[in-house]
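Sequences listed follow chains Z and S, in order. Heads up: the first sequence begins at 0 in numbering that gives the first Met the number 0, then just goes up one per residue. Heads up: the second sequence begins at 0 in numbering that gives the first Met the number 0, then just goes up one per residue.
One or more hints might be untrue.
To be verified - Mimicking DSS-like on lysine-lysine, the simulated pairs with C-alpha atoms at most 30 Å apart in a straight line are:
#: 1; chain 1: S; residue 1: Lys-124; chain 2: S; residue 2: Lys-15
#: 2; chain 1: Z; residue 1: Lys-124; chain 2: Z; residue 2: Lys-15
#: 3; chain 1: Z; residue 1: Lys-5; chain 2: S; residue 2: Lys-124
#: 4; chain 1: Z; residue 1: Lys-15; chain 2: Z; residue 2: Lys-5
#: 5; chain 1: Z; residue 1: Lys-304; chain 2: Z; residue 2: Lys-38
#: 6; chain 1: Z; residue 1: Lys-5; chain 2: S; residue 2: Lys-38
#: 7; chain 1: S; residue 1: Lys-15; chain 2: Z; residue 2: Lys-124
#: 8; chain 1: S; residue 1: Lys-430; chain 2: Z; residue 2: Lys-5
#: 9; chain 1: S; residue 1: Lys-5; chain 2: Z; residue 2: Lys-15
No lab work stands behind these hints: they were computed from the structure.
Protein chains: 2
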Amino acid sequence: MSQTVKYLLDEDRLPKEWYNIVADLPRPPDPVLHPGTLKPIGLEDLEPLFPMALIQQEVATDRAIEIPEPVREIYRQWRPSPLYRARRLERELDTPARIYYKYEGVSPAGSHKPNTAVAQAFYNKEAGVRRLTTETGAGQWGSALAFAGALFGLEVRVYMVRVSFEQKPYRKALMEAWGAQCVASPSSETAAGRRTRAQHPNSPGSLGIAISEAVEVAAQNADTKYSLGSVLNHVLLHQTVIGQEALAQLDVAGDYPDVIVGCTGGGSNFAGIAFPFIGAGLRGGPRPRVIACEPTACPSLTRGKYAYDFGDTGHLTPLVKMHTLGSNFVPPGFHAGGLRYHGMAPLVSLLQELGVIESRAYSQTSCFEAGIQFARSEGILPAPEANHAVRGAIEEALRCRAEGTVRTILFNLCGHGHFDMQAYIDFQAGKLEDHAYDATALNSALAALPQVAAE
Amino acid sequence: MSQTVKYLLDEDRLPKEWYNIVADLPRPPDPVLHPGTLKPIGLEDLEPLFPMALIQQEVATDRAIEIPEPVREIYRQWRPSPLYRARRLERELDTPARIYYKYEGVSPAGSHKPNTAVAQAFYNKEAGVRRLTTETGAGQWGSALAFAGALFGLEVRVYMVRVSFEQKPYRKALMEAWGAQCVASPSSETAAGRRTRAQHPNSPGSLGIAISEAVEVAAQNADTKYSLGSVLNHVLLHQTVIGQEALAQLDVAGDYPDVIVGCTGGGSNFAGIAFPFIGAGLRGGPRPRVIACEPTACPSLTRGKYAYDFGDTGHLTPLVKMHTLGSNFVPPGFHAGGLRYHGMAPLVSLLQELGVIESRAYSQTSCFEAGIQFARSEGILPAPEANHAVRGAIEEALRCRAEGTVRTILFNLCGHGHFDMQAYIDFQAGKLEDHAYDATALNSALAALPQVAAE
Numbered sequence: 000m001s002q003t004v005k006y007l008l009d010e011d012r013l014p015k016e017w018y019n020i021v022a023d024l025p026r027p028p029d030p031v032l033h034p035g036t037l038k039p040i041g042l043e044d045l046e047p048l049f050p051m052a053l054i055q056q057e058v059a060t061d062r063a064i065e066i067p068e069p070v071r072e073i074y075r076q077w078r079p080s081p082l083y084r085a086r087r088l089e090r091e092l093d094t095p096a097r098i099y100y101k102y103e104g105v106s107p108a109g110s111h112k113p114n115t116a117v118a119q120a121f122y123n124k125e126a127g128v129r130r131l132t133t134e135t136g137a138g139q140w141g142s143a144l145a146f147a148g149a150l151f152g153l154e155v156r157v158y159m160v161r162v163s164f165e166q167k168p169y170r171k172a173l174m175e176a177w178g179a180q181c182v183a184s185p186s187s188e189t190a191a192g193r194r195t196r197a198q199h200p201n202s203p204g205s206l207g208i209a210i211s212e213a214v215e216v217a218a219q220n221a222d223t224k225y226s227l228g229s230v231l232n233h234v235l236l237h238q239t240v241i242g243q244e245a246l247a248q249l250d251v252a253g254d255y256p257d258v259i260v261g262c263t264g265g266g267s268n269f270a271g272i273a274f275p276f277i278g279a280g281l282r283g284g285p286r287p288r289v290i291a292c293e294p295t296a297c298p299s300l301t302r303g304k305y306a307y308d309f310g311d312t313g314h315l316t317p318l319v320k321m322h323t324l325g326s327n328f329v330p331p332g333f334h335a336g337g338l339r340y341h342g343m344a345p346l347v348s349l350l351q352e353l354g355v356i357e358s359r360a361y362s363q364t365s366c367f368e369a370g371i372q373f374a375r376s377e378g379i380l381p382a383p384e385a386n387h388a389v390r391g392a393i394e395e396a397l398r399c400r401a402e403g404t405v406r407t408i409l410f411n412l413c414g415h416g417h418f419d420m421q422a423y424i425d426f427q428a429g430k431l432e433d434h435a436y437d438a439t440a441l442n443s444a445l446a447a448l449p450q451v452a453a454e
Numbered sequence: 000m001s002q003t004v005k006y007l008l009d010e011d012r013l014p015k016e017w018y019n020i021v022a023d024l025p026r027p028p029d030p031v032l033h034p035g036t037l038k039p040i041g042l043e044d045l046e047p048l049f050p051m052a053l054i055q056q057e058v059a060t061d062r063a064i065e066i067p068e069p070v071r072e073i074y075r076q077w078r079p080s081p082l083y084r085a086r087r088l089e090r091e092l093d094t095p096a097r098i099y100y101k102y103e104g105v106s107p108a109g110s111h112k113p114n115t116a117v118a119q120a121f122y123n124k125e126a127g128v129r130r131l132t133t134e135t136g137a138g139q140w141g142s143a144l145a146f147a148g149a150l151f152g153l154e155v156r157v158y159m160v161r162v163s164f165e166q167k168p169y170r171k172a173l174m175e176a177w178g179a180q181c182v183a184s185p186s187s188e189t190a191a192g193r194r195t196r197a198q199h200p201n202s203p204g205s206l207g208i209a210i211s212e213a214v215e216v217a218a219q220n221a222d223t224k225y226s227l228g229s230v231l232n233h234v235l236l237h238q239t240v241i242g243q244e245a246l247a248q249l250d251v252a253g254d255y256p257d258v259i260v261g262c263t264g265g266g267s268n269f270a271g272i273a274f275p276f277i278g279a280g281l282r283g284g285p286r287p288r289v290i291a292c293e294p295t296a297c298p299s300l301t302r303g304k305y306a307y308d309f310g311d312t313g314h315l316t317p318l319v320k321m322h323t324l325g326s327n328f329v330p331p332g333f334h335a336g337g338l339r340y341h342g343m344a345p346l347v348s349l350l351q352e353l354g355v356i357e358s359r360a361y362s363q364t365s366c367f368e369a370g371i372q373f374a375r376s377e378g379i380l381p382a383p384e385a386n387h388a389v390r391g392a393i394e395e396a397l398r399c400r401a402e403g404t405v406r407t408i409l410f411n412l413c414g415h416g417h418f419d420m421q422a423y424i425d426f427q428a429g430k431l432e433d434h435a436y437d438a439t440a441l442n443s444a445l446a447a448l449p450q451v452a453a454e
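Okay, chain Z solo, but in the shape it has when bound (with noise of 0.2 Å):
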């Protein structure tokens, strides 16, 4: 009987720079904009809320960044993560496809988030903050960020989404656990927070709203910064280790992609994995296809437009060129909190204007079938994320099966389900529903996109 195989790499493989795609892009991306007067900002604009060295980072063109040293000393606790084939998936498939998936459920935080967490904490550190705050949903980067703050000694506050905070007790005991605060968003501790309570006093919160008040708060407190685990280039900058990991397991397995899949809410784990591989084919390498997978409830590469819009719904935050559906668009309910972004990373949305990557949208009960299958042939739980990568991989090793053809598949497995598990209840007493989203709020949000006359 065949069995899944691990490709694991030598510490001394742990890369040592991060990968900056923008230094192989065809044009560059266009430039971020002032919330107040809607023109390019000024790198000074920024330091309120993040500190130089990661502002530098947004803005970078080097191809190669390097990673620091005491950065890496704690990658190496679980980096490099493990490459797998799952040969017991294309068992279970009878696929003639090769499918390989990159496991990053492996951090103590049990997703790819720590990736940035850690080296964000450490250029915080670096620069003396004291306290840094953010936003979550489903809770993987508010762990994330938790983690990384208790290793440098940083306090975490943390701005929940409501819905999230009140049905997953669980993320918030793992928070605060590492000593971080966890508090309900829309919170009173904010003006951003009373202004949506005010309007709407059971409002449920969303992540545009959390990262008004994390945003707020650091913008008036001088020891205070924010930190964002998604959408921005510095953000996807760090996650890139994860892709270059691949390349080099692939080599050792001697194989490359021809299909590389990648669930995508805010974008990072999908550039994580795909950006190393996309960079080599713009540089003249081989091209593989790459396949965004996002939830047909938030489906903003696939129904979204390409256009300047806030990052949050408070209209804080500067202007980014990317797929929106429009920054009070509220999707309906479903379980992979970590995809209900309005937005989508800026360089993943030039990425699929310029034909690079493709995207897809899957409903919710098909990727938790395919969660489900995945567990049982491969006996890893995804989370509801992850499991929208599950659904595009599965797919296109079924099409080399109805084909006949041979292919190498990819896909990152950005974390597991632990915390997850009242949505593997629901799916498997058949309660999950397929909500599609308010057309007339999404036509309605888009028509309020901000005017724009870069545009």
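Since chain Z is already given, all that's left is putting chain S on it; use the hints.
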């Protein structure tokens, strides 16, 4: 800043053999007795419950027993598991001690239990068995067997102690995600369960009752065998991959333990880390101090009697010579459900009788305190069971500080706490209490131990 250091092993260093400590004991273990005749049991008496390959391992005296290649292939998915030098914890404790921990939470089921679950599923599959029954307390063992059953296409039916079944729906959901069935025990499916329910309609269940149910079903169905997650010789045998890997990893680190610490419920993770080192000592090598850490609420090694006793409440199992609190002892409520068994592995018990190991009991609040300290320094949130080992290791490290002595401490971090978050919530809220066991009930349980002429 010194960071936690990981010691991996190349996959070709994955042990090829399990280590059988019986070969190195100064005297043979006492025989297993038949529950009806109280005479030494024949191998054929165990055939209704176990496949012959496992029965032969139960009585084997060879030092090395080959690990079948299909089992090693599955082990490779997460093994060799990492050994860590806990430098951040050392700094936090300001201790001159060198603290190492072997981390078994990297398995898909999140604990050391798959080391034996996979082996047991393999041998049962080879023997043509269609279904396995077992019991589970906190759920780690049930999860592990569900995982292994999924890989080998075996049906798995888990009798889960009712109080845990109700308190931990997510554990049940995990087992079901892998395709196993999970039943609250006492159930109405078995004579043992019905008897208990008739006497105690609101019975919260116990491991002893759940074992009776699982054994009964296996004994009465030709296509069904029983699987136990601890206590028995063959289970401890399978866990010795842990200690063998640790030996090799410490060799890479250029170190050797002065003190080895493990938590003990049935004894399997403790045996797994300690037996290869104890064996080396029995064969003339260095003899580390070896410390078994158990809960004060269920203190089989520190307060139990070394005597023949049944493995279950219904007295369906054979009798073994062990440290026992009596098969009808019911511990007070506490959160390390994996450490609630009335007995202790015969091999671990014998080693204590021989003066080779020591034992200590800790209150649950002191263990959770240690677990939180560990999480904040090392980043990994331990299972409540594992917190006992963390507590023991910290005590030894603080002793080194007080004495100004450098010692090497090795402990087994046998699993993560992702499915035990309610316990952490209760602890952080100050709601955990340290209930003493009922001394009168213990005396009565000990007085009711079976009278065995052989003693």
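Hints, verified against the model:
1. S:Lys-124 to S:Lys-15: 21 Å, holds
2. Z:Lys-124 to Z:Lys-15: The hint holds at about 21 Å.
3. Z:Lys-5 to S:Lys-124: Since the Cα atoms of Z:Lys-5 and S:Lys-124 sit roughly 24 Å apart, the hinted pair holds (cutoff 30 Å).
4. Z:Lys-15 to Z:Lys-5: Answer holds: Z:Lys-15 to Z:Lys-5 is near 22 Å, not above 30 Å.
5. Z:Lys-304 to Z:Lys-38: Status holds; Cα separation ~20 Å.
6. Z:Lys-5 to S:Lys-38: 48 Å, violated
7. S:Lys-15 to Z:Lys-124: Measuring from Cα to Cα gives roughly 46 Å; hence the hint is violated.
8. S:Lys-430 to Z:Lys-5: 43 Å, violated
9. S:Lys-5 to Z:Lys-15: Holds. S:Lys-5 to Z:Lys-15 sits at ~18 Å (cutoff 30 Å).
Consistency note: the structure conflicts with the earlier hints numbered 6, 7, 8.
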